[in-house]
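Residues per chain are reported as follows:
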Amino acid sequence: MNYTISHRTTYRYGSDVVYSRLVAHLAPRTTARQRPHTFEVTLSPGPLKRFARLDFFGNTTSWFTIDERHDVLEILAESHVGVEPLAEPAPELSRSWESVRAAFEFPTDPQLLEPLQYTFDTPLTATNDDVVAYARQSFGRGRPLLACVLELNSRIHSDFTFDKEATDTQTTVKEAFELKAGVCQDLAHVGLAAVRTMGLAARYVSGYLLTHPPPGKERLIGADASHAWFSVWIPPFGWIDFDPTNDVLPSGEHITVAWGRDYRDVAPVHGIVTGGGDHEVDVAVDVMPHVSA
Amino acid sequence: MAKAAPLFPQALERYDELLDRSGALRPHWERLAASFAAMAPEEYAQRIDSAMRMVRENGVTYNVYDEAPGLGRLWQLDIMPFIISPDDWALIEAAVTQRARLANAILLDVYGEGRLVRDGVVPAQLVLGHPQYLRALAGVRPPDGVHVHLFSIDLARAGDGSWIVHASRADAPTGLGYALENRVVVSQTFPELFGDLGVHRLATFFRHYRDAVTGLCRGASGHAVLLTPGAYNESYFEHAYLARYLGLQLVEGDDLVVLGESVYLRTLGGLERVAVIFRRLDSDFADPLELRADSALGVPGLVDVVRAGNVVMANALGGGVVESPALDAYLPNASRALFGEELLLTNIPTVWCGTDWGRAEGLARARRGVVRNAFDAGPLFSRASSARLGSDLSDEQIARLTDEMERRSATLIVHDLVPLGGAPAFEGGAFTTRPMSLRVFAAWTPNGYVVMPGGLARVAADETVRALSMQSGAASKDVWALARGPVDTFSLLRPPTARVEIRRSGNEAPSRAMDNLFWLARYAERTENLIRMLRAVVLRLAGDTGSTTAMNATTVARRLLLPLEHVTEEAVDEAAAGDDARLRVEVEAAIFGKEAVGLQQLLRRVARTAWIARDRLSLDTWRAIYALTNADALEPLGVFDGTGTTAYLDTLIRRTAALSGLADENMTRGNNWLFFDLGRRIERAFATARLVRHTLAVASERESGAIQLALEIADSAMTYSYRYRNAFQAAPAIDLLLLDGSNPRAVAFQIKAIVGHALDLPMITEIQHRGLVKTFAEGLQGRVASADAYELAELNPARERSALIALLDDIDNALKRTADAVGDAYLRQLRRFQA
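Chain order of the listed sequences is A and B.
If you count by the working numbering, then the first sequence holds residues 1 to 293, one letter each, in order.
If you count by the working numbering, then the second sequence holds residues 294 to 1128, one letter each, in order.
Check each hint, because a few of them may be wrong.
To be verified - Each pair of labels, with its calculated beta carbon distance range: (1) B:958 to A:45: 49 to 57 Å; (2) A:129 to B:320: 56 to 64 Å; (3) B:1020 to A:14: 55 to 63 Å.
Unchecked claim - Listed next, the stretches of chain B that the computed footprint assigns to chain A, with coverage defined by at least 3 CB atoms under 8 Å from CB atoms of chain A: (4) 426 to 434; (5) 646 to 653.
These aren't lab readings, by the way, just hints derived from the structure by calculation.
For clarity, every value in this text was computed on a predicted model and none was experimentally measured.
In this text, a Cβ means the ideal position worked out from N, Cα and C, and glycines have one as well.
Using the sequences plus the hints, can you model the full thing?
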């Protein structure tokens, strides 16, 4: 399936901004199932300088400096992406979670170094007793890793309430566990923290999701949102994505933008502005499927 | 929770620094022991007193994090030096050099090729799992491949006399400034001993350090700055001290700004390029854009400048990776792999639990060792430490540890509990021993690392393991490394061969520093004014009215203190009705109350501002401020003590005068002086205008009392009576206090000074060229010059002096605009925040 995605972020400042430096993670990645065709970011006011660079995790980052005085900043990212559906992996073909963990001990295989770095806590996703107890329920002795995480994903979906008001971008896993609620970012953090606390590798994935209008209604332009889920290193398959918000394995309707250890590694736009005072942010995302490729 | 840790199990086997096995004094202690033995106990006590006075007056403090800046705990110094024999020193020097080289080589590899991990020399987890492995710096090679410009290790002597490495620092090692200050104090405390013993001098080391780092910028022009986290940091004293000593600008993150791919200093004269940053800020706080986003201390975009090679960072960002205690277990491997060398000194035996063997071994050793996070390099048992003493663990905690080991043992280490060796101390006329750790520093030079011949020794207050963190109240010692041959007595900073460029002044001063001096002067002046007003009330409350025509205490309080809310209306009304008990309590609270909005609060503000500005203040000025802000205040007793209070206020007046005098006589007429004096003049003009308003704007029943009060507060009574005898009239008083340009207390005098300063202000940036300070100040000068004292003194039918009130309004407005113009053009900075 091919998509045209537009992602518009608008900052409205209380007073003039005189200088800003921004970093954006907005360009969809190339993966085994995903081909970005075009990607473009437009800023208003236009930047003094811009360049793109791969970050440590291989994501394309876009850098901007703006030195024109402004009180409204609009960042519009437009991409055109093709995504293939996932061939559902068979849980019984994955190795036991204990053997996957043991392989990390002596990562003589250079390919293991990449997942290894996703076995550690981050300040936002630090583990605690609640997380350990929660994770343990799905990690029975000798159980194939894929089966463990599938169950974990479903449990998070049913145990956590989707609530846009409960949390913000800086909410920690500890807080999300206390609330048993949150948005896709929090649910993804819970999932990856639970996997990591068992000594396994999990990463945070940001992207988009095609939404379906209620039966009989038109698609609303700009009503979509950016989305997030988590991914687990599961030999022999490699990385497999899990979307606890919707209790599915992401397939042809999830568009991957970037991955990292947690939200902070891949925040869509972050930066430092000089001046500005208080500000409001408005985000509008539109994921438009193409009828034919 | 507050259970005391046990004595060191091996405490009895401690190596005796003073005596050998036969009980004889070791040779390098003989001279000191003889000298101490010959000293009368009082004399030793006296030397302690004078040393501590030096420490206090020099403002050597160590901030404990939850206290306000400037109120840090006094640096604890044990005046008896720790002496190291030439043989020991030779070994330590070689070992520190080796470790510094190793740390640098490891960092070069983990941020570069990654050979150590690929070849299995160092477990990948110790790099990839380390919170201080800064991914933004991966692949970035610092100038000349130097990551570690300054390095330190903490050593302690084992029972058999060997030295063991307890910790190393390669990111932003601290202690250098304290070591230097200890040396200054202790060498002055025992000058004969210091001279006789042949102690290595420290100055050369600092020169090497500074010149080697600045040399790395390859002649690229720009400032060399010392970046501090700011006045709240525990080691701020040291940052200010080092900046002065090394001749660097002391800057905070807000003083620097990245434009394009270069970093600039915000100065009075606009932005100036920075070529070298001596970094005292932890790496992960250095750039909120690419490193820790929640850092308010860093410089957004700094990593980009580093990547472009446009700044020398000393140390390079990301050095924390080699500080992890887990890595200690792999340093011998790394040394063999990188240099083919064995380490000269060993570390505390440490087990990383990330392997099968490590898990089993770690669990086996846990009970008699220390369990801690593999990446926690903080001081053992400090507040934020993850370390748990194995012997403290309950069976349940051991069970949990076992479970944690099963799941994620890569983040755990277990190390042995190694006793600290002892340092001789001299107490009550006899030698005793205190547990000691020794920090030694090495600096990179193009010809290899050089070691500071000395160091910072820290002695524990008691024998418990938790006692050694400076934050828990241990003391420090100066370290005397003895030379084999003659010592290098070089003590100046500039290399003797290089001709110093003669400079008269510069506009490179950071705006923030000038802002601090401006406000320091304003607060100091405000303090003096408040003291004079308080004293006027206290004298009258105590019954000393000075003259029969003077105003009474109640009226003075109503006129002067009530508008500033130092007393309440109720108290003044009650006093007017004959009961001044409440007024006395409130006046006393305004003077001594720690919480009240009053004198003590203002003095704290002076102390705090001075603390932040201290790299700009001479030692004598700092001492004068110390004397002013640390005068022994009486405890508010609730009983009014007129004599004691007056004496206290008189003392403070003398001390403010000392501060003003020092500023006038000793501050070089450059930007420091300019902004300091601008602050003082603006504040004094405000105060005098306010005084005239409150005493003379409305005619009172006994006008002569009001006039005398105004003259008294403005310290102009002598001049007045010399000119006019005892004829107290409004017009001459107004002339003397507002219009007379020759009276240093008059508003006209302040304005003349402000106009003069306005001509000296730098004119570089666009906003400075607008010259608003000069415009406003000259406008005011003209307004005051054309005023006529007799017209100002005229009363309207409501017995108000409307011409005077109009003039005072104009003065007030113009002063505000002048102060704002100074702020806008020179001092103020735009706030920044996360988008």
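Structure-based check of each hint:
1. For residue 958 (chain B) and residue 45 (chain A), the Cβ-Cβ distance of about 53 Å falls inside the hinted range of 49 to 57 Å, so the restraint holds.
2. Taking 56 to 64 Å as the suggested C-beta distance range, the pair residue 129 (chain A) and residue 320 (chain B) conforms, at roughly 58 Å.
3. Taking 55 to 63 Å as the suggested C-beta distance range, the pair residue 1020 (chain B) and residue 14 (chain A) conforms, at roughly 59 Å.
4. Using a Cβ-Cβ cut-off of 8 Å, 3 residues of the stretch 426 to 434 of chain B lie near chain A, which meets the minimum of three, so the contact claim holds.
5. Remark: the stretch 646 to 653 of chain B is confirmed as covered by chain A, as 3 of its residues place a Cβ nearer than 8 Å to a Cβ of that chain, reaching the required three.
Every hint, counting from the list given before, is met by this structure.
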